[in-house]
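*Asks:* This is what each chain is made of:
There are 4 protein chains.
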Amino acid sequence: MPESHSKRKYSTAATRQALVTSARKLFERNGFSATSVQSIVDDANLTKGAFYYHFVSKEELLREIHDEFIDHQLTSVQSVLSSTEDPGEQLRGLIRTAIEAVEQYRSHVAVFLGERRFLSEEGFAEVKEKRDRMEDMFYGVVRRGQRAGRIRADLNPRVLSLGVIGMCGWAYQWYSPQGKLSAEEIADAFTVMVWEGMATG
Amino acid sequence: MPESHSKRKYSTAATRQALVTSARKLFERNGFSATSVQSIVDDANLTKGAFYYHFVSKEELLREIHDEFIDHQLTSVQSVLSSTEDPGEQLRGLIRTAIEAVEQYRSHVAVFLGERRFLSEEGFAEVKEKRDRMEDMFYGVVRRGQRAGRIRADLNPRVLSLGVIGMCGWAYQWYSPQGKLSAEEIADAFTVMVWEGMATG
Amino acid sequence: MPESHSKRKYSTAATRQALVTSARKLFERNGFSATSVQSIVDDANLTKGAFYYHFVSKEELLREIHDEFIDHQLTSVQSVLSSTEDPGEQLRGLIRTAIEAVEQYRSHVAVFLGERRFLSEEGFAEVKEKRDRMEDMFYGVVRRGQRAGRIRADLNPRVLSLGVIGMCGWAYQWYSPQGKLSAEEIADAFTVMVWEGMATG
Amino acid sequence: MPESHSKRKYSTAATRQALVTSARKLFERNGFSATSVQSIVDDANLTKGAFYYHFVSKEELLREIHDEFIDHQLTSVQSVLSSTEDPGEQLRGLIRTAIEAVEQYRSHVAVFLGERRFLSEEGFAEVKEKRDRMEDMFYGVVRRGQRAGRIRADLNPRVLSLGVIGMCGWAYQWYSPQGKLSAEEIADAFTVMVWEGMATG
DNA sequence: AATGAATGAGTATTCATTCAT
DNA sequence: AATGAATGAATACTCATTCAT
Numbered sequence: 001m002p003e004s005h006s007k008r009k010y011s012t013a014a015t016r017q018a019l020v021t022s023a024r025k026l027f028e029r030n031g032f033s034a035t036s037v038q039s040i041v042d043d044a045n046l047t048k049g050a051f052y053y054h055f056v057s058k059e060e061l062l063r064e065i066h067d068e069f070i071d072h073q074l075t076s077v078q079s080v081l082s083s084t085e086d087p088g089e090q091l092r093g094l095i096r097t098a099i100e101a102v103e104q105y106r107s108h109v110a111v112f113l114g115e116r117r118f119l120s121e122e123g124f125a126e127v128k129e130k131r132d133r134m135e136d137m138f139y140g141v142v143r144r145g146q147r148a149g150r151i152r153a154d155l156n157p158r159v160l161s162l163g164v165i166g167m168c169g170w171a172y173q174w175y176s177p178q179g180k181l182s183a184e185e186i187a188d189a190f191t192v193m194v195w196e197g198m199a200t201g
Numbered sequence: 001m002p003e004s005h006s007k008r009k010y011s012t013a014a015t016r017q018a019l020v021t022s023a024r025k026l027f028e029r030n031g032f033s034a035t036s037v038q039s040i041v042d043d044a045n046l047t048k049g050a051f052y053y054h055f056v057s058k059e060e061l062l063r064e065i066h067d068e069f070i071d072h073q074l075t076s077v078q079s080v081l082s083s084t085e086d087p088g089e090q091l092r093g094l095i096r097t098a099i100e101a102v103e104q105y106r107s108h109v110a111v112f113l114g115e116r117r118f119l120s121e122e123g124f125a126e127v128k129e130k131r132d133r134m135e136d137m138f139y140g141v142v143r144r145g146q147r148a149g150r151i152r153a154d155l156n157p158r159v160l161s162l163g164v165i166g167m168c169g170w171a172y173q174w175y176s177p178q179g180k181l182s183a184e185e186i187a188d189a190f191t192v193m194v195w196e197g198m199a200t201g
Numbered sequence: 001m002p003e004s005h006s007k008r009k010y011s012t013a014a015t016r017q018a019l020v021t022s023a024r025k026l027f028e029r030n031g032f033s034a035t036s037v038q039s040i041v042d043d044a045n046l047t048k049g050a051f052y053y054h055f056v057s058k059e060e061l062l063r064e065i066h067d068e069f070i071d072h073q074l075t076s077v078q079s080v081l082s083s084t085e086d087p088g089e090q091l092r093g094l095i096r097t098a099i100e101a102v103e104q105y106r107s108h109v110a111v112f113l114g115e116r117r118f119l120s121e122e123g124f125a126e127v128k129e130k131r132d133r134m135e136d137m138f139y140g141v142v143r144r145g146q147r148a149g150r151i152r153a154d155l156n157p158r159v160l161s162l163g164v165i166g167m168c169g170w171a172y173q174w175y176s177p178q179g180k181l182s183a184e185e186i187a188d189a190f191t192v193m194v195w196e197g198m199a200t201g
Numbered sequence: 001m002p003e004s005h006s007k008r009k010y011s012t013a014a015t016r017q018a019l020v021t022s023a024r025k026l027f028e029r030n031g032f033s034a035t036s037v038q039s040i041v042d043d044a045n046l047t048k049g050a051f052y053y054h055f056v057s058k059e060e061l062l063r064e065i066h067d068e069f070i071d072h073q074l075t076s077v078q079s080v081l082s083s084t085e086d087p088g089e090q091l092r093g094l095i096r097t098a099i100e101a102v103e104q105y106r107s108h109v110a111v112f113l114g115e116r117r118f119l120s121e122e123g124f125a126e127v128k129e130k131r132d133r134m135e136d137m138f139y140g141v142v143r144r145g146q147r148a149g150r151i152r153a154d155l156n157p158r159v160l161s162l163g164v165i166g167m168c169g170w171a172y173q174w175y176s177p178q179g180k181l182s183a184e185e186i187a188d189a190f191t192v193m194v195w196e197g198m199a200t201g
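Protein chains in written order, with the numbering used here: chain A, 1 to 201; chain B, 1 to 201; chain C, 1 to 201; chain D, 1 to 201.
No lab work stands behind these hints: they were computed from the structure.
Treat the hints with caution; some may be incorrect.
Label-pair ranges, simulated between beta-carbon atoms [to be verified]:
| # | chain 1 | residue 1 | chain 2 | residue 2 | range |
| --- | --- | --- | --- | --- | --- |
| 1 | B | GLU129 | A | GLN38 | 30 to 36 angstroms |
| 2 | B | GLU121 | A | ALA125 | 37 to 43 angstroms |
| 3 | D | GLU60 | A | SER120 | 25 to 31 angstroms |
| 4 | D | SER11 | C | LYS48 | 44 to 50 angstroms |
| 5 | A | GLN38 | D | ASP132 | 43 to 49 angstroms |
| 6 | C | TYR53 | D | SER176 | 49 to 55 angstroms |
| 7 | D | ALA34 | A | ARG117 | 36 to 42 angstroms |
| 8 | A | SER39 | B | LEU74 | 32 to 38 angstroms |
| 9 | C | TYR52 | A | SER39 | 44 to 50 angstroms |
| 10 | C | LYS48 | A | SER120 | 26 to 32 angstroms |
| 11 | D | GLU121 | B | SER176 | 37 to 43 angstroms |
| 12 | D | ARG144 | C | TYR52 | 41 to 47 angstroms |
Residues from chain D shown here face chain C by an in silico Cβ test under 8 angstroms; the list is partial [unchecked claim]:
| # | residue |
| --- | --- |
| 13 | ARG147 |
| 14 | ARG150 |
| 15 | LEU181 |
| 16 | MET198 |
We put the beta carbon where it would ideally sit given N, CA and C, even for glycine.
When you get a sec, could you build the whole thing from the sequences and use the hints?
*Replies:* Here's what the structure looks like:
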C-alpha cells in the first residue's frame with residue numbers, strides 16, 4: 001500500500017515548524033514586539049489564517065521557542081552532571097555545554113535571554129521553573145565544590161554561579177560561528193579563567 | 001542680562017529630563033517597542049504635543065538614554081585606568097566600576113544592553129563607537145597584563161575580556177539593591193574569581 | 001430497493017438538525033452576527049467541513065430556523081380560525097397560540113423576531129410572505145369583528161391588531177417557563193384586557 | 001473680542017455627536033455586531049484614529065445611545081406621573097409617552113430594544129437599573145389602580161404592565177412617521193383598547 | 001459524510017507622528 | 001512651551017468559506 005501523498009504544502013507538524021523557525025529568526029533580529037505576525041507568515045510563505053489555525057497567539061510561538069531550547073539544554077546539563085562527580089570537571093562541562101548552546105542554538109539563546117519578558121504569567125510559569133532549575137545546577141556545583149573543599153569557601157556561591165552564567169550567556173552577543181574562535185576554545189578559556197584565575201604564578 | 005521669567009510648568013531642560021526618565025523606566029520594564037509614546041507622556045504628566053516639541057522621534061529618547069549613561073561610564077573607566085598601572089588593580093577597578101553602574105544606573109544598563117538594536121544606523125554610530133571604546137579598555141588591560149607577564153598568555157585576550165564584560169553586564173538581570181549583596185561584595189568576588197580562580201590550593 | 005447502511009455518526013437529517021439546534025441556541029443568546037460558524041459546529045460536536053457539506057451558508061441556518069417555526073405557527077393559527085366563527089373566541093385563540101409559541105418555541109421566537117434583518121432579499125421573500133400572512137390573520141379577525149358589530153368600529157383595526165401582536169411577541173423577552181405564570185394565565189389576562197378592558201365597572 | 005474660529009472640522013462635542021449619530025443610524029439598520037467601526041467613521045467623514053481618540057471602544061457608542069435616550073424618557077415618564085393621580089390618566093400618559101418616543105426617537109428605541117445584549121456587564125448595570133425603573137413605573141400605575149379599585153383586581157398586574165409595554169415597544173417595528181397614523185391616534189387607540197376593551201357593549 | 005488545513009478579506013484597536021492653535 | 005484633535009498605516013486576531021483527501 002503506497003503512502004498517501006498530501007497535496008498540501010506541508011504536514012501539520014512541518015507547517016508549525018516552519019512558522020516557529022521563521023519566528024525565531026525574526027525575533028532574534030528584531031525582538032518579539034517589533035516582529036509582526038504578518039512578517040512571520042510572509043517569511044514562512046503562509047497566510048495569517050494558517051498561522052492562527054496552528055497557534056492561538058503570537059505568544060505561543062515564543063513559548064514554543066523556549067520549549068524547544070530549554071528541554072534540550074536541561075538534558076545536556078543533566079548528562080554532564082551525571083558523568084562525573086568532580087566539581088572542576090562538572091564546571092568545565094557546564095561551561096562547555098553553555099557555549100555549545102550558543103554555537104548551535106544561537107537564535108534560540110538570543111530569544112531565550114532577550115525576550116523572556118513577553119511571556120505572560122501563565123505562559124512563563126513552566127519556562128521559569130525550568131530556567132530556575134538550570135541556574136540551580138550551576139549553583140549546586142559550586143555549593144558542593146565548596147563543601148568538598150575543592151572550591152574556595154570565602155566567595156559567595158550565588159555570585160560565583162551567576163557570574164559564570166552571565167559570562168557564558170553573554171557570548172550570544174558576540175560569538176560568531178564564522179569567527180576564528182571555536183566553541184571549545186572559548187569554553188576552555190572560560191574554564192581556566194574561573195577555575196585557576198587569570199594571574200600568573 | 002535678566003533671566004527670562006518662564007510661565008511654563010518646567011524649564012525646557014526639566015521637561016526633556018522628565019520625558020527621558022519616564023521613558024527609561026518604561027523601556028526597562030517593557031522594552032522599547034512595547035512602550036508607546038502615550039505611556040511615556042502619561043507617566044511624565046505631559047501630552048504628545050509636548051513630547052514632539054522636545055524630541056523628533058521616540059528613537060531620540062533611546063539615544064539620549066544611551067548618551068546619559070555611556071559618557072558617565074567612559075569617564076569612570078578612564079579614571080580607573082589612570083589611577084594605577086597594575087593590571088590586577090586595573091581589572092579590579094573595571095569590574096567594580098561595572099558593578100557600580102549596575103547598582104546606580106540599573107535601568108540605564110538594562111536599556112543600554114537590551115534595546116541597542118532599536119537605534120537606527122545614524123543614531124547608533126556614535127553610541128557604537130563609545131561602546132567599542134569601552135570594550136577596548138577591558139581588552140587593553142588584559143593585553144597589557146599579558147605583555148607584562150602578569151596575566152596568563154595562553155588564554156585568548158579577547159575571550160577573557162568578553163567573559164569579564166558578560167559576567168558584569170549580566171548582573172543587571174539579577175542584581176537587586178534591596179538584596180543582601182552589596183555591589184562591593186559582588187565586584188570583589190568577581191575579581192577574585194577571574195584573577196585567582198575558584199579552585200583551592 | 002434496500003436501504004443504504006450508513007457508517008456515519010448520524011443520518012444526514014440528524015446532522016442537519018443538530019446544527020440547526022445549536023445555531024438556534026447560539027443565535028438566541030448572541031445574535032446572528034455575533035455567532036461564528038465555528039461556535040456552532042463546536043456546540044454540535046462537528047467540524048466546519050461537515051457544516052458546509054450540509055449548508056451552503058450561515059444564512060441558510062437562519063432560514064431553516066424561521067421555516068421550522070413559521071410553518072408550525074401558521075398551521076396552529078389556521079386551526080384556531082377554523083374552529084370557531086366568534087371574533088372573541090378567535091382573538092382568544094390567536095393570543096393563546098402566540099403565547100404558547102413563546103412558551104414552547106422560545107428560542108425560535110427570539111430568533112424569528114430579533115434576527116430577521118439578516119435574511120437576505122432572496123432568503124427573506126418566502127419568510128416575509130408567511131409572516132405577513134400571519135399578521136393578516138390577526139388583522140382579519142379584528143376587521144371581521146368590526147363588520148359584525150362585535151368589535152368597536154371607532155378604533156383603527158391595523159393599530160389594534162399590531163398592538164395585540166406586539167403584546168404577545170414581546171413576551172419572549174420576559175416569559176420564563178420556570179416562573180410562576182403559566183402560558184394560559186398570561187393568554188387569559190391579555191385576552192380579558194384587550195377584549196373587556198382594564199377598567200372596572 | 002471675536003470668537004476664535006477653529007480650523008478643525010468640528011468641536012469635540014460635535015465630533016462625538018457626529019459619531020454617535022452615525023452609529024445610531026447604522027446600529028438601527030444593521031445591528032451592533034454587523035456594524036463596523038469603519039462604516040461608522042466613513043458615515044461621519046472621519047477616520048478610525050479620530051474615533052478612538054474620542055471613544056474607548058465601539059461599546060461606548062452603544063452606552064451613549066442608551067444614555068441619550070433613557071434619561072430623556074425617564075424624565076418624560078416621571079412628569080406624566082406627577083401631572084395626575086388618576087390611574088386611567090396616568091396609563092394614557094404612559095402610553096402616549098411611549099408612542100411619542102417611538103415617533104421621535106425611532107432609532108434610539110430600535111437600538112435600545114434590539115441591541116441591549118451587547119452591553120457588557122459593567123456598561124449595562126446603570127442602563128439596566130434605569131430600564132427597570134421605567135418598567136416599574138408601568139407596574140406601579142397598574143398596582144395602585146388595583147388598590148384604588150379602578151383597575152380589575154382579577155388580572156395579574158405584572159402581566160398587564162408587561163403587555164402594555166410590549167404593545168408600545170413593538171411599535172418601533174412598524175411605525176412610520178410618513179404613514180397615515182399619527183402617534184396620537186395610535187396612543188389613543190391603545191389606551192381605549194386596554195382600558196375599555198375591544199368589545200362593544 | 002466528514003475532516004483538517006488553508007485562504008483572504010475583515011475586525012477592533014493602537015501607534016508614531018503632525019499641526020493649528 | 002504645550003495642547004488637543006486628527007491622520008493613516010500597522011497590529012493582533014477572527015471569520016465565512018473552500019477544497020483535497
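*Asks:* With reference to the structure, classify each hint as holding or not holding.
*Replies:* Taking the hints in turn, this is what the structure says about them:
1. Taking the beta carbon of each, B/GLU129 and A/GLN38 are about 35 angstroms apart, inside 30 to 36 angstroms as hinted.
2. Taking 37 to 43 angstroms as the suggested C-beta distance range, the pair B/GLU121 and A/ALA125 conforms, at roughly 39 angstroms.
3. A hinted range of 25 to 31 angstroms for the beta carbons of D/GLU60 and A/SER120 is consistent with their spacing of about 27 angstroms.
4. For the pair D/SER11 and C/LYS48, the beta carbons lie near 48 angstroms from each other, so the given range of 44 to 50 angstroms is met.
5. Taking 43 to 49 angstroms as the suggested C-beta distance range, the pair A/GLN38 and D/ASP132 conforms, at roughly 47 angstroms.
6. Checked against the hint of 49 to 55 angstroms, the C-beta distance between C/TYR53 and D/SER176 comes to roughly 43 angstroms, which is inconsistent with it.
7. Look at D/ALA34 against A/ARG117: about 39 angstroms separates their beta carbons, and that is inside 36 to 42 angstroms.
8. Taking the beta carbon of each, A/SER39 and B/LEU74 are about 36 angstroms apart, inside 32 to 38 angstroms as hinted.
9. The supplied range of 44 to 50 angstroms is broken by C/TYR52 and A/SER39, whose beta-carbon atoms lie about 32 angstroms from each other.
10. At roughly 29 angstroms, the beta-carbon separation of C/LYS48 and A/SER120 lies within the given 26 to 32 angstroms, and the hint holds.
11. Remark: the range hint 37 to 43 angstroms for D/GLU121 to B/SER176 is upheld by a beta-carbon distance near 40 angstroms.
12. One distance hint, 41 to 47 angstroms for the beta-carbon pair D/ARG144 and C/TYR52, is violated here, with the actual separation near 58 angstroms.
13. Annotation: interface hint on D/ARG147 violated; nearest CB of chain C at approximately 12 angstroms, more than 8 angstroms.
14. Interface restraint check for D/ARG150: the shortest CB-CB distance to chain C comes to about 6 angstroms, inside 8 angstroms, so the restraint holds.
15. With its C-beta approaching chain C no nearer than about 7 angstroms, D/LEU181 sits inside the 8 angstroms limit, and its interface hint holds.
16. Evaluation of the D/MET198 hint against chain C yields a held restraint, the C-beta minimum of about 5 angstroms falling below 8 angstroms.
The structure is inconsistent with the numbered hints 6, 9, 12 and 13, although it conforms to all the rest.
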